[in-house]
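Trainee: When you get a sec, could you build the whole thing from the sequences and use the hints?
So the protein lines, in turn, are chains A and B. The working numbering puts the last residue of the first sequence at 342; the count rises by one with no breaks. The working numbering puts the last residue of the second sequence at 349; the count rises by one with no breaks.
Check the hints yourself; a few may be wrong.
[What the hints assert, rightly or not] Here are the computed distance ranges between Cβ atoms for each label pair:
1) A:Ala-178 with B:Lys-249: 26 to 34 Å
2) B:Arg-250 with A:Glu-124: 24 to 32 Å
3) A:Lys-76 with B:Val-22: 26 to 34 Å
4) A:Gln-96 with B:Ile-335: 28 to 36 Å
Derived from the structure by calculation, the hints contain no laboratory data. Beta carbons: idealized from backbone N, C-alpha and C, even for Gly.
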Amino acid sequence: MIGNDKTAAIELKSLTAGYKKEGTIFPLVGPLNISAGKGELIAIIGRNGSGKSTLLKTIAGLLKPVEGDIIIKGRKINEYKRGELAETVGYISTEQIRVDSMKVIELVELGRYPYTPWSGRLSEADNEKVILAMEKTGIIDLKENFINELSDGERQKAMIARLIAQDTDILIMDEPVAFLDIRNKYEIIHLLRSLSDRKNKTVIFSGHDLSLIMAQSDRIWMIADGKIYDGAPEDMVLNGFMNKLFDDNGFVFSESDATFKPRNEFLAEVKINGEGIFRLWTEKAVNRAGFKGVSHKTSISVTVDRDNEGLYWICKSDNNESPKLRTVYELTKWLRNLPKKI
Amino acid sequence: MINGKRKYELSGRRKATLLMLVVLIITVFLFILDIVLGSVSIKLKDIVDVLLNKSDSEIYSIIVKFRIPKAFTAFLAGISLSVSGLQLQTIFRNPMAGPYVLGISAGASLGVAVLILGFSDYFTAKSLELLGSWSIAAAAWMGAGIVIVIIMLISLKIKDILAILILGIMLSGGISSVVSIMQYFSSETMLKSYVIWTMGSLGNLSSQQLQVMAVCVTAGLIISFFSLKMLNAMLIGEVYAGTLGVNIKRARIIIFTSTSLLTGTVTAFCGPIGFIGVAVPHIARMFFKTSDHRVLLPSVVLIGGSVMLASDIISQLPGSERVLPVNAVTSLIGIPVVIWAILKTRKYA
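Mentor: Rendered as structure tokens:
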């Protein structure tokens with residue numbers, strides 16, 4: 001069976017991914033019929049244990065499919081020779097590599113392994129790709145450092161640099177930003193974005209950083225109940241798929257800001273008077289304090305406005321009126337005390 | 001940036017070359033020193049004289065028949081054990097791995113014991129010599145190979161570095177009990193030849209044995225030389241090495257063949273020698289500050305050879321009639337390095 005989608009980088013045909021333990025097969029996801037286009041940035045999300053890593057490993061050729069086929073650029077994965085596959089599909093996991101006396105540059109140079117002759121000697125072009133990969137990931141200044149002496153985040157960036165140096169058309173990454181701080185998370189996801197936009201590389205990665213994934217990925221493959229829910233981030237939201245991440249545990253996905261919130265029982269409704277972002281952020285605070293922000297008239301109201309000293313909030317209820325509160329923090333404190341005052 | 005890189009490469013490579021040259025000079029120096037020093041002190045000038053004129057003096061026979069072969073044996077043994085240690089540390093991704101600590105040397109002894117003692121009823125002491133150096137070597141390779149495969153299989157299940165070490169100790173212990181049981185049941189003459197073999201040192205190899213050893217060590221080194229690229233990839237683990245295109249099964253077979261050849265041969269002719277294999281790769285990494293096997297292999301060869309030559313010099317207690325067992329000296333040199341390596345590893349654990 002040869003793939004019929006000419007533009008697809010990867011096609012999964014009735015693929016079931018799972019693992020084997022003591023002779024028994026545990027299928028986790030599938031059967032799947034889905035394909036990833038060239039140059040797409042695809043995020044796999046799902047709960048822990050849903051089979052994200054297993055699926056990624058199967059696509060990368062590290063695990064045999066329980067059933068079905070993986071077709072890479074029109075050819076079945078098992079028709080590839082080792083070397084060819086290494087030039088086409090790159091993979092990183094969350095495993096933290098520790099090697100005695102290994103320098104960052106030596107790790108990144110290993111990315112060129114499929115292209116070097118038996119001696120392992122790097123050509124001028126290989127060296128340039130290694131340097132470029134370290135520049136892109138922002139670790140060029142660390143190139144002479146030992147990887148054992150790096151922070152977890154720096155080491156992860158070095159691993160990603162190795163993957164970029166491998167220069168494959170398809171990049172499979174299992175939680176590439178798991179160990180990184182927020183700035184590094186953004187930098188790496190942006191890097192993946194530019195790899196797909198500028199180099200037309202297909203990137204499939206898993207992660208838990210929803211708002212980042214919603215903002216940057218072309219597609220989301222959400223694994224739930226052994227199935228994949230596929231769509232652009234916006235499709236996922238509008239079709240109500242996101243709630244499958246939580247089922248019914250008292251959390252709801254908020255369509256407006258791509259976060260999960262506890263299903264609130266609000267104490268009362270609060271009318272908010274204000275404009276633009278002042279209104280938006282005031283509403284967030286009001287919600288957190290346990291009240292539902294509305295725009296029709298109610299017995300409690302919050303007004304946000306500005307005088308010559310800056311922003312202020314005034315909270316009114318039937319028998320009570322706050323002074324000019326100068327911070328949102330004071331406002332929420334006032335609101336939390338309200339029920340007792342009512 | 002590209003220019004900067006080139007500059008780095010040149011200076012890095014030049015530094016490594018320079019360092020390698022220094023190590024080479026030290027090795028040559030130790031080799032000569034090993035020939036000069038001994039229980040009978042001979043002046044260097046006399047040695048050169050004797051070698052050039054080939055006069056059939058007593059000094060000539062000491063030098064040519066005893067000291068030079070012994071220095072060669074020490075050099076080859078040091079190389080073999082150290083290269084084995086390097087390969088084992090990389091394949092098992094375990095800084096504590098080495099032919100002795102993992103019980104591979106013990107496995108090689110078992111191979112020889114089975115050959116000498118197991119067939120004791122069929123052989124006389126005379127026929128043992130007829131067994132020849134090759135069959136003893138081959139028995140040792142097999143013993144070493146079997147232990148490597150056992151450790152390999154278990155390390156697929158257990159990833160813990162220290163657990164694997166304990167396993168090696170258990171294997172060594174188990175193997176020596178098997179050997180003692182075999183000794184109990186074997187004839188006196190066989191026992192005697194076996195005991196003499198176990199006390200094997202660097203000094204009593206026949207020229208034929210030395211030839212066999214040289215051939216096997218060269219073969220092991222050639223295999224190792226052709227697997228340098230593979231070894232580099234294996235550093236980051238089998239999963240990643242696989243995604244880089246390494247055929248893991250084949251890589252293991254190739255590298256384990258080399259390790260069995262190297263460790264087996266040395267153990268067959270010199271007896272088990274401890275702690276060189278585990279210590280020397282650490283010394284090499286400390287000096288050369290790299291994990292690249294293209295640099296590490298030659299440096300391990302030279303440092304391994306040097307350390308063994310130095311151990312041999314010390315074991316002869318120059319100027320005195322007494323000789324220490326070389327195994328005691330190598331342990332005293334190797335163990336501090338191993339402890340240092342453990343402390344270094346724990347720091348990052």
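Trainee: Now, for every hint given, state plainly whether the structure supports it.
Mentor: We went through each hint and held it up to the structure:
1. A:Ala-178 with B:Lys-249: 26 to 34 Å: holds, 31 Å
2. B:Arg-250 with A:Glu-124: 24 to 32 Å: holds, 30 Å
3. A:Lys-76 with B:Val-22: 26 to 34 Å: Violated, at about 54 Å.
4. A:Gln-96 with B:Ile-335: 28 to 36 Å: Holds, since A:Gln-96 and B:Ile-335 (Cβ atoms, about 30 Å apart) stay within the stated range.
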